[in-house]
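There are 2 protein chains.
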Amino acid sequence: MRGFTYLSKVLHSHSSYSKLLVLCSVSTGGLLVYAESNVESGKQVVEQNQPESKKKRVVVLGTGWGGTSFLKDVDISSYDVQVVSPRNYFAFTPLLPSVTCGTVEARSIVEPVRNIIKKRSGEIQFWEAECLKIDPENRTVSCRSGINDNLAGQNDFSLQYDYLVVAVGAQVNTFNTPGVMEHCHFLKEVEDAQRIRRTVIDCFEKSVIPGLSEEERRTNLHFVIVGGGPTGVEFAAELHDYVYEDLVKIYPSVKDFVKITVIQSGDHILNTFDERISSFAEQKFQRDGIEVSTGCRVTSVSDHFINMKVKSTGKHVEVPYGMVVWSTGVGTRPFVKDFMEQVGQEKRRILATDEWLRVKGCSNVYALGDCASIDQRKVMEDISAIFKAADKDDSGTLSIEEFRDVLEDIIIRYPQVDLYLKNKHLLEAKDLFRDSEGNEREEVDIEGFKLALSHVDSQMKSLPATAQVAAQQGTYLSRCLNRWDQCKSNPEGPRHFKSSGRHEFLPFEYRHLGQFAPLGGDQAAAELPGDWVSMGHSTQWLWYSVYASKQVSWRTRYLVVGDWVRRYIFGRDSSRI
Amino acid sequence: MRGFTYLSKVLHSHSSYSKLLVLCSVSTGGLLVYAESNVESGKQVVEQNQPESKKKRVVVLGTGWGGTSFLKDVDISSYDVQVVSPRNYFAFTPLLPSVTCGTVEARSIVEPVRNIIKKRSGEIQFWEAECLKIDPENRTVSCRSGINDNLAGQNDFSLQYDYLVVAVGAQVNTFNTPGVMEHCHFLKEVEDAQRIRRTVIDCFEKSVIPGLSEEERRTNLHFVIVGGGPTGVEFAAELHDYVYEDLVKIYPSVKDFVKITVIQSGDHILNTFDERISSFAEQKFQRDGIEVSTGCRVTSVSDHFINMKVKSTGKHVEVPYGMVVWSTGVGTRPFVKDFMEQVGQEKRRILATDEWLRVKGCSNVYALGDCASIDQRKVMEDISAIFKAADKDDSGTLSIEEFRDVLEDIIIRYPQVDLYLKNKHLLEAKDLFRDSEGNEREEVDIEGFKLALSHVDSQMKSLPATAQVAAQQGTYLSRCLNRWDQCKSNPEGPRHFKSSGRHEFLPFEYRHLGQFAPLGGDQAAAELPGDWVSMGHSTQWLWYSVYASKQVSWRTRYLVVGDWVRRYIFGRDSSRI
Ligand SMILES: Cc1cc2nc3c(=O)[nH]c(=O)nc-3n(C[C@H](O)[C@H](O)[C@H](O)COP(=O)(O)OP(=O)(O)OC[C@H]3O[C@@H](n4cnc5c(N)ncnc54)[C@H](O)[C@@H]3O)c2cc1C
Ligand SMILES: Cc1cc2nc3c(=O)[nH]c(=O)nc-3n(C[C@H](O)[C@H](O)[C@H](O)COP(=O)(O)OP(=O)(O)OC[C@H]3O[C@@H](n4cnc5c(N)ncnc54)[C@H](O)[C@@H]3O)c2cc1C
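Order-wise, the sequence lines are chains A and B.
Numbered per full-length UniProt numbering, the first sequence spans residues 1 to 577.
Numbered per full-length UniProt numbering, the second sequence spans residues 1 to 577.
Among these hints, one or two may not hold up.
Note that the list lumps identical chains together, so a pair holds whenever it fits in one copy or between two copies.
What the hints assert, rightly or not - Here are the simulated EDC-like pairs of lysine to aspartate or glutamate, each with C-alpha atoms no more than 20 Å apart in a straight line:
1. K255 with E123
2. K118 with D256
3. K118 with E245
4. K249 with E123
Since the hints were made in silico from the structure, they are not lab data.
Use the sequences and the hints to build the structure in full.
Next up, the structure:
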């Protein structure tokens with residue numbers, strides 16, 4: 001079969017020759033009839049607004065982590081897949097902080113969507129446009145191409161869908177702090193990173209021109225980062241390296257004027273990480289001379305000053321700056337807000353889905369990644385139904401055996417139960433049945449059962465807004481859609497406690513693979529699965545190898561590794577382009 | 001001594017340790033006292049507006065080919081050198097067309113000025129600013145930093161100079177054609193190339209979105225290049241490769257709608273090249289399907305149409321387009337125009353210098369590269385003085401011997417004489433003395449002498465506006481300045497015919513090293529010294545090796561070669577960033 005695969009590839013790359021071909025398969029000795037539809041021909045522009053009769057149409061909004069991982073796996077022989085995104089590329093966001101200082105080039109971390117879908121036989125269609133409105137009633141999305149040149153033709157179009165996958169990510173959230181939109185930099189998009197890079201150089205160039213006072217030079221070289229989360233911390237570290245490894249050599253006259261400050265409203269930076277990592281980072285920043293102002297809340301930003309309130313003293317402080325990067329908060333995009341109103345979610349902060357990523361309040365719409373949040377069902381909401389379903393002999397009490405029989409389904413349906421068992425170091429179902437004195441019991445009634453599970457829901461955690469979650473959700477969703485027919489007839493999910501039968505699919509389950517926090521000076525910290533914590537230079541090497549291996553294509557891998565090598569040999573570029 | 005050089009380099013790169021050091025030179029066994037001033041210390045900000053008492057200050061405007069090559073050689077132990085340029089990098093312009101399509105990345109062809117001057121001991125000062133006005137009376141230049149952020153401090157400053165080097169290049173010239181400024185792309189700066197790259201992608205993305213008519217798709221994919229000179233032709237070739245090697249694979253539905261047109265007012269493209277190259281290019285373009293419209297003059301450009309006049313028929317034609325690149329004409333920058341008015345050159349099109357690159361009409365100002373033109377002195381203007389100086393015995397006639405004695409100085413002072421001799425295949429001075437019938441003569445009087453040299457000035461050619469010329473002029477000028485004192489006492493130039501003595505310096509002499517015209521499909525044409533012409537694939541390899549070797553730094557060489565390799569393996573990127 002390898003010969004066949006190879007031939008099919010060759011044919012593919014010369015699609016103009018693709019015809020009905022009869023191939024003699026050498027390895028099998030058999031005869032294969034190979035027909036390749038001439039999808040690349042100019043004449044075969046499918047009429048995009050009328051879904052093909054046979055295939056259901058899946059419209060995907062967004063080509064970030066969630067959207068792309070969905071596209072990589074979805075079965076195009078069963079679905080007509082159409083993708084809408086205002087950026088025609090996928091961006092490897094974990095390397096965005098490296099782009100701000102030129103450790104890695106912007107182009108090295110992006111991969112054209114069309115390259116990704118080309119590998120998927122070219123049958124996925126992509127439109128570079130923004131979705132402006134979702135109409136769940138009529139199953140359409142309205143889109144607009146953002147190309148504001150004088151090009152011919154309309155920019156607006158709409159698409160019908162059978163299934164809609166919303167993976168549009170989040171936007172920045174300024175918490176309505178005055179002046180932030182106007183005066184701060186953000187770090188969400190590739191363009192943001194490029195802009196930051198230019199502005200850093202501007203600050204240096206401006207601070208050396210003749211006639212400035214020392215005060216003015218110092219102001220221009222004061223770099224402020226608002227937000228001590230992983231992105232803010234990584235940017236501060238990158239900037240520190242850039243300044244002290246590269247820039248001070250070429251702007252020697254102002255090297256003593258540079259200051260980097262991280263403003264964090266909480267008590268510690270990296271406070272979602274293990275405490276050891278958080279204090280390691282704080283110590284490293286102190287040694288590096290990066291100022292960390294914890295317990296400070298930014299109240300406004302003007303063209304020359306950043307104003308903040310020190311929580312402990314209640315005092316207001318005004319700090320002059322050269323550049324501010326706002327690196328905190330995620331917000332919902334306006335058109336998603338509008339959609340939420342249409343499906344009765346107007347009161348929520350973020351679009352809610354169930355555990356199968358189905359948007360609550362409408363049908364055939366899925367949402368994943370940063371734009372949505374799984375509304376995990378509480379055990380307590382269903383406790384009576386669970387009890388009833390488990391109590392097979394209808395005795396009004398649950399025996400250990402009866403409980404054991406349903407426990408697996410409970411754990412799948414309510415993953416907080418598993419977390420609770422692990423956290424409490426309970427090994428067995430019967431441990432849940434112990435009374436308040438710790439004595440074993442063989443049976444419990446409904447009240448006892450409620451008591452036994454009463455603390456379980458406290459273990460519910462919403463998933464973090466990370467690439468890992470989005471990517472796993474994309475893969476999960478494509479697998480579900482791919483096995484639609486199969487699972488309709490052979491459901492694989494947990495049992496319905498409130499009715500009979502089973503859910504078609506297993507609910508989404510997140511597997512945390514750990515997280516990194518690069519801290520500059522070729523040191524990093526990492527939280528690995530199983531509560532492992534690793535810090536220092538070797539962790540940075542682990543970081544290099546993980547990030548190189550996680551690249552979406554060999555091209556970006558080649559480029560990213562090339563950039564790292566280039567930086568080691570030649571340093572970072574300081575041209576203002 | 002090699003040990004010493006190495007040590008001094010090491011010391012240099014760790015300037016914070018640089019002290020008065022006593023070094024034992026191993027190779028010579030002698031004792032060397034080595035003092036390095038701590039130029040990189042933050043405290044030693046020299047008071048920039050008061051020239052140091054000892055050293056004369058040279059202010060250089062521009063960091064293009066001319067400015068940079070001057071900076072590489074100028075002797076900083078004799079001069080206080082200060083550089084002003086609105087871009088803090090040098091750009092390798094011959095690779096700009098490759099940047100438009102991502103064959104080479106923008107960052108690979110730029111080198112920060114500060115890196116270039118860092119190698120020169122860090123004593124050259126650079127300001128990222130634009131010169132707004134030259135005041136030759138008071139020997140000052142007024143400058144403004146273009147950083148339009150809210151950064152602290154004034155943007156304006158002025159510098160005094162003892163010598164001024166103007167190397168600010170040219171700007172685009174639209175010949176006042178209506179609509180060109182508003183609707184056309186240019187290809188002069190790195191940003192232009194980046195913008196073109198994004199626009200090409202926009203044209204493709206727009207042409208595939210749903211709901212456009214075939215007509216509209218075709219319009220959006222019509223790429224027009226105005227100007228059939230080397231830059232326009234190279235861009236057309238690059239674009240063709242980009243489209244057919246990369247883009248058609250990912251935009252298959254519109255591949256038959258793409259059209260590339262080169263509009264040339266002359267009868268042939270590449271008309272400054274050898275005829276063989278010009279017709280080779282035309283044939284290649286025809287095979288490639290690139291339309292060449294010769295004999296057409298663009299009269300105006302509107303948001304959707306380009307209007308031109310066909311010279312042969314006098315008819316006006318209106319052509320719809322997706323993108324136009326205007327690649328013809330060079331113009332003088334406004335502040336140079338203003339300077340020309342101050343020095344009595346208001347009637348000229350371009351700043352004139354003499355053969356020593358001194359701006360005519362003022363003192364201590366030099367100009368080189370695209371912003372200036374050498375006003376070559378005519379033999380006929382000085383013919384009587386030459387005759388008088390050559391006629392040693394004051395006989396009123398010039399003998400062959402007398403003429404031979406001054407010929408070398410004549411040839412140096414009036415290079416057109418040499419060109420004339422070569423073009424007429426005259427081997428000897430006495431051949432010039434032949435009468436109209438071709439008979440040899442031993443002596444000529446002033447009228448005969450005038451007649452003999454009467455056609456010489458027709459050989460005068462102004463130098464082309466190329467990187468080669470600018471770079472050679474920069475090197476030439478720095479050598480002159482470096483040997484100022486020496487040449488004042490020991491002039492090395494040709495004799496003054498009108499007065500006595502000699503010119504201090506030899507006039508600038510241009511050495512043409514040939515030129516390339518890349519034509520796409522890994523083919524190029526080249527005109528090499530000695531009327532050699534070479535075309536085809538092997539020439540492209542010559543092109544690769546020449547362009548790799550000409551890079552200003554090892555860093556850009558590594559990057560450019562890396563980009564070429566990347567393109568061969570993975571193709572060009574089509575992400576719209
Ligand atoms: C600087 C930075 C560093 C990060 N580092 C890490 C890290 O190290 N590890 C980690 O796990 N996570 C990291 N993250 C978080 C991670 O990037 C996000 O969690 C992840 O991108 C979410 O994926 P997503 O698919 O939901 O959204 P995104 O990846 O943001 O993609 C959203 C997509 O939707 C498109 N879109 C936007 N508006 C519309 C519209 N109106 N219509 C159609 N499409 C639209 C966008 O163009 C984009 O293609 C980082 C994020 C940032 C900003
Ligand atoms: C696309 C393209 C391709 C080319 N290909 C070739 C080729 O293959 N071979 C060849 O020989 N030539 C080529 N050239 C021509 C070559 O680039 C120019 O002849 C050369 O750059 C001229 O050098 P210069 O120093 O005079 O000006 P430039 O190199 O243009 O430099 C001018 C400098 O002045 C600065 N400046 C501008 N305004 C001001 C101001 N107000 N104050 C201070 N500084 C200012 C600019 O920022 C720049 O640094 C090409 C040109 C282009 C545009």
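Evaluated hints:
Proximity of K255 and E123 under a CA criterion of 20 Å is satisfied inter-copy only: 16 Å between copies versus 55 Å inside one chain copy. When the C-alpha separation of K118 and D256 is checked against a cutoff of 20 Å, the pair qualifies only between copies, where the shortest distance is 19 Å, while the shortest distance within a copy is 51 Å. In this assembly of identical chains, the alpha carbons of K118 and E245 lie at most 20 Å apart only when taken from different copies (15 Å versus 41 Å within one copy). In this assembly of identical chains, K249 and E123 lie within 20 Å of each other by CA distance solely across copies; the values are 12 Å between and 52 Å within a copy.
Checked against the numbered hints listed earlier, the structure breaks none of them; every hint is satisfied.
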